[in-house]
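Protein chains in written order, with numbering that gives the first Met the number 0: chain A, 0 to 256; chain B, 0 to 348.
Hints were generated in silico from the structure; no laboratory data involved. Be aware that one or more of the hints could be misleading.
[Unchecked claim] Calculated cross-link-like contacts (lysine-lysine; reagent style DSBU-like; alpha-carbon spacing at most 35 angstroms):
1) B:K115 to B:K132
2) A:K1 to B:K227
3) B:K181 to B:K227
4) A:K1 to B:K115
5) B:K181 to B:K132
6) B:K181 to B:K115
7) B:K132 to A:K1
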Amino acid sequence: MKLPPVLRLVVRNFASNLDPLTVVIRFGQPAVTIIVLGTMFSTIISSSVTGGSSYAAFLVPGMVAFQMITGGVVSGNLFWLDRRWSMVEQVFSGPFLRSEYLGGLVLTSLLFSLVGVGIMMVVGLPFTGLPALTPVGAAMVLLTVALGSVFFAGLLIAIGTRLRSANAYFSIQSFLQLFVIFLSTVYYPVTSKTPKVLALVFYANPLTYAANSIRDAFGGTLGAADLQGLGILALLALAAFTAAAVAFRSMDLGPIQ
Amino acid sequence: MPARELVLETHDLGYAYRPDRYAIRHLSVGLYRGEVLGLLGRNGAGKTTTVRLLTTLLPPSEGGATVLGHDLRSGGRALRARLGVVLQSESLDFVSVERNLTLYAFLWGVPSEVAKSRAEEMLELFELGPARKRRPWALSGGERRRFQVARELMHDMEILFLDEPTVGLDAIARRRILRYLKDRARAGLSIVFTTHILHEADLLCDRIAVLHLGRAIALDTAEGLKAKYGGAREVLVVFAGPLPAPVRAELVGELVARGASILTPEEDGEAAAARIAFRSVDAESLLPWLSQWAHARHLDVDRMSVEAASLESAFLGMIGEADTAGGDGGGPVGRSAEPLPPVPGGRVP
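With the hints as extra help, turn the sequences into a complete structure.
Listed below in structure tokens is the structure:
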């Protein structure tokens with residue numbers, strides 16, 4: 000039986016460009032961060048700063064949220080490599096629609112992120128114990144990461160359609176990753192001591208909403224602010240996806256370097 | 000005999016990459032089922048743009064085309080599902096050669112068992128067996144090109160577009176591929192084939208469209224093009240004995256009067272005196288006249304030979320003619336240009 004085109008593209012995305020080393024590094028890096036950074040800083044950072052839990056337990060939901068970037072980056076890079084190696088043009092010359100190719104990338108991103116969520120939760124178990132996740136909380140975690148990965152995938156794909164140099168793309172991607180991760184509440188919370196300007200930047204960052212919501216879901220303390228955060232994330236995801244879709248329509252398919 | 004089925008027909012097709020800057024314009028060609036149509040032209044003539052237009056990778060700016068019964072503008076997926084395209088730029092997935100083949104077949108929805116056996120067939124046919132476990136980027140240039148063609152043949156299609164598929168291939172590989180394509184065409188596959196290697200266009204193509212500065216300046220069989228545009232060819236006539244000087248002078252005069260240019264030196268020993276070589280655009284029509292002329296003077300002709308017309312000389316003739324006739328009206332690619340007057344053979348009969 001022939002799979003629908005989008006699913007064929009997703010299978011191809013996983014089979015073609017995701018070599019085992021890439022997968023290990025993509026999931027291994029945040030897992031190692033939980034273990035190494037969590038253990039190291041648990042002795043330095045007071046639990047009063049991290050809401051009563053150890054720093055490692057604080058870090059686990061942050062790394063779960065981080066998976067939305069992992070998924071987004073995977074799709075952004077897949078798209079860039081497909082462009083670089085002319086596979087976008089080759090796929091478009093086949094029985095596929097541009098929307099299906101874009102859908103395939105986003106779905107790849109989603110799947111990658113959600114697998115990452117599972118891995119981070121398992122790696123984090125020794126630090127967090129069994130999270131107090133209700134069914135609503137679990138849905139919140141999955142939805143947050145899903146929306147976040149759509150946001151980052153859409154953003155990177157939209158950027159990727161406009162650039163013609165690998166150096167430019169990967170520089171922007173690295174900068175964006177670093178900026179988004181460190182100016183969010185993934186590694187540390189916004190406290191009363193956080194400079195106001197920095198706090199503003201933190202709250203302009205979608206990863207902050209994701210990390211906070213997932214933390215609340217883990218602690219069983221979901222509230223209205225988390226729903227609000229989810230709404231913001233949904234809007235951002237929609238905007239980024241729309242940007243990618245619009246950019247796709249007018250994308251130059253010619254060879255790039 | 001049943002009428003030949005036209006599978007592709009373009010009408011004044013054009014593509015402007017910026018308003019009023021055309022890469023191809025007024026293209027009116029056709030392709031029959033089982034036919035191999037060659038697209039020849041200099042760099043930037045519009046061959047690749049034509050392939051990209053006809054495979055829906057670019058939207059036409061003007062004119063239209065019907066491909067396999069679909070309008071080019073609205074055919075979309077249903078049309079592309081019946082086409083195969085080997086693009087000029089190399090494309091690959093980051094897996095082994097063999098996996099690339101089966102993965103591409105999977106993308107096209109080819110059942111896995113069929114894909115496996117077809118992959119074996121392609122690896123054998125394109126001599127990629129020893130490289131099956133290697134990544135495509137580790138292959139030589141020629142192997143990579145063979146891989147591109149092999150991969151596209153993993154799925155079924157009715158029209159195959161090949162944009163310079165033989166670049167970098169050695170003569171043996173090239174012949175092997177051309178023979179295979181010819182066989183596929185005999186079995187009903189229609190092929191659009193671009194190349195700079197005129198000899199291979201001569202071998203493979205049933206008809207050839209010559210593109211120049213974004214226009215089709217000729218469309219005919221290779222033989223037809225050679226006959227029309229082959230230009231002056233060299234003729235050698237060897238008489239049984241040396242020609243007496245007055246007779247030779249008379250012959251030279253007659254030939255010059257008929258537009259030939261004499262290549263043989265006036266006098267250079269006995270053997271040379273028995274030969275005369277000249278170039279003429281009407282070489283073939285001069286031969287009967289020459290026979291009669293010799294017969295009337297009781298001269299025995301040992302041998303007469305005419306240099307075979309080559310597609311290359313025809314191509315050069317066509318380009319030269321178009322440049323002279325087109326002037327600014329032809330306009331270099333990218334310039335705004337008015338249509339050239341209709342060219343013989345430029346339309347599908």
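We went through each hint and held it up to the structure:
With a CA separation close to 14 angstroms, the supplied pair K115 (chain B) and K132 (chain B) stays within the 35 angstroms bound. Note on K1 (chain A) and K227 (chain B): the hinted pairing is violated, with a Cα-Cα distance of about 51 angstroms set against a maximum of 35 angstroms. With a C-alpha separation of about 25 angstroms, the suggested pairing of K181 (chain B) with K227 (chain B) holds against the 35 angstroms cut-off. At most 35 angstroms may separate the alpha-carbon atoms for a hinted pair to count; K1 (chain A) and K115 (chain B) meet this at roughly 16 angstroms.
Note on K181 (chain B) and K132 (chain B): the hinted pairing holds, with a Cα-Cα distance of about 29 angstroms set against a maximum of 35 angstroms. Under the criterion of a C-alpha separation no larger than 35 angstroms, the hint pairing K181 (chain B) with K115 (chain B) is consistent with the structure, at around 24 angstroms. Of the pairs offered as hints, the one joining K132 (chain B) and K1 (chain A) holds, with about 27 angstroms between alpha carbons and a cut-off of 35 angstroms not exceeded.
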